[in-house]
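For the protein sequence lines, the chains are A and S, in the order given.
Take the first sequence: its position 14, counting from 1, is numbered 14 in our numbering, and each next residue is one higher.
Position in the second sequence (from 1) plus 109 gives the number in our numbering.
The list that follows gives simulated cross-link-like pairs (lysine-lysine, DSS-like), each with its CA atoms no further than 30 Å apart:
1. S:Lys145 to A:Lys3
2. A:Lys54 to A:Lys101
3. A:Lys101 to S:Lys149
4. A:Lys101 to A:Lys3
5. S:Lys149 to A:Lys3
6. A:Lys69 to S:Lys150
Hints were generated in silico from the structure; no laboratory data involved.
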Amino acid sequence: LAKTTQPISMDSYEGQEVNITCSHNNIATNDYITWYQQFPSQGPRFIIQGYKTKVTNEVASLFIPADRKSSTLSLPRVSLSDTAVYYCLVGPVDTPLVFGKGTRLSVIA
Amino acid sequence: ETGVTQTPRHLVMGMTNKKSLKCEQHLGHNAMYWYKQSAKKPLELMFVYSLEERVENNSVPSRFSPECPNSSHLFLHLHTLQPEDSALYLCASSPGGGLPGQGAEETQYFGPGTRLLVL
Numbered sequence: 001l002a003k004t005t006q007p008i009s010m011d012s013y014e015g016q017e018v019n020i021t022c023s024h025n026n027i028a029t030n031d032y033i034t035w036y037q038q039f040p041s042q043g044p045r046f047i048i049q050g051y052k053t054k055v056t057n058e059v060a061s062l063f064i065p066a067d068r069k070s071s072t073l074s075l076p077r078v079s080l081s082d083t084a085v086y087y088c089l090v091g092p093v094d095t096p097l098v099f100g101k102g103t104r105l106s107v108i109a
Numbered sequence: 110e111t112g113v114t115q116t117p118r119h120l121v122m123g124m125t126n127k128k129s130l131k132c133e134q135h136l137g138h139n140a141m142y143w144y145k146q147s148a149k150k151p152l153e154l155m156f157v158y159s160l161e162e163r164v165e166n167n168s169v170p171s172r173f174s175p176e177c178p179n180s181s182h183l184f185l186h187l188h189t190l191q192p193e194d195s196a197l198y199l200c201a202s203s204p205g206g207g208l209p210g211q212g213a214e215e216t217q218y219f220g221p222g223t224r225l226l227v228l
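Let's have the full structure, built from the sequences with the hints guiding it.
Pasting the structure below:
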């Protein structure tokens, strides 16, 4: 599975757009990029998944450049309830994923 | 509510006790997982079951014993645990068989976890 690197923590004020970038230089052709969100004392929750270009859903957007060696999770207008740990995972869609340490996002009022 | 339930939500046990954690999924999924999450550490995959058969065991100590009687239920039997086993234990399920190369969707749906404290 491709190794991922993402910032350990980020801070943001309410109402701002937050972009969390994940590096995955050795991503393979059949690898997808998946992001999960985890609130304290809860299990992770699937946010978004993509292969290339841009994917958008009601929660977030995922931007993937042409070389796919990185990806950016974009959270529009964050609120206090978006404070959580965000995990970037890379691997084939049909393989159990391995979670890293994630990015701890703190949203400040 | 993800369709994956876990009981109990909290558990305190002594090192000589035997207890079991239960996970149930109502999603019709074929694969189920146990994870351990210690404080300020990444999630650690413990066991993977695909179609009720164990397909992966990431070198977990024998004091943790999984059981998957059917595709909807998963247990983790605990005995003679150590204080360092105190953690959040998470169960997850996914639609596909959990096996590489099957081409099935493996987005994982997590339960709320069991917070375990070993004294």
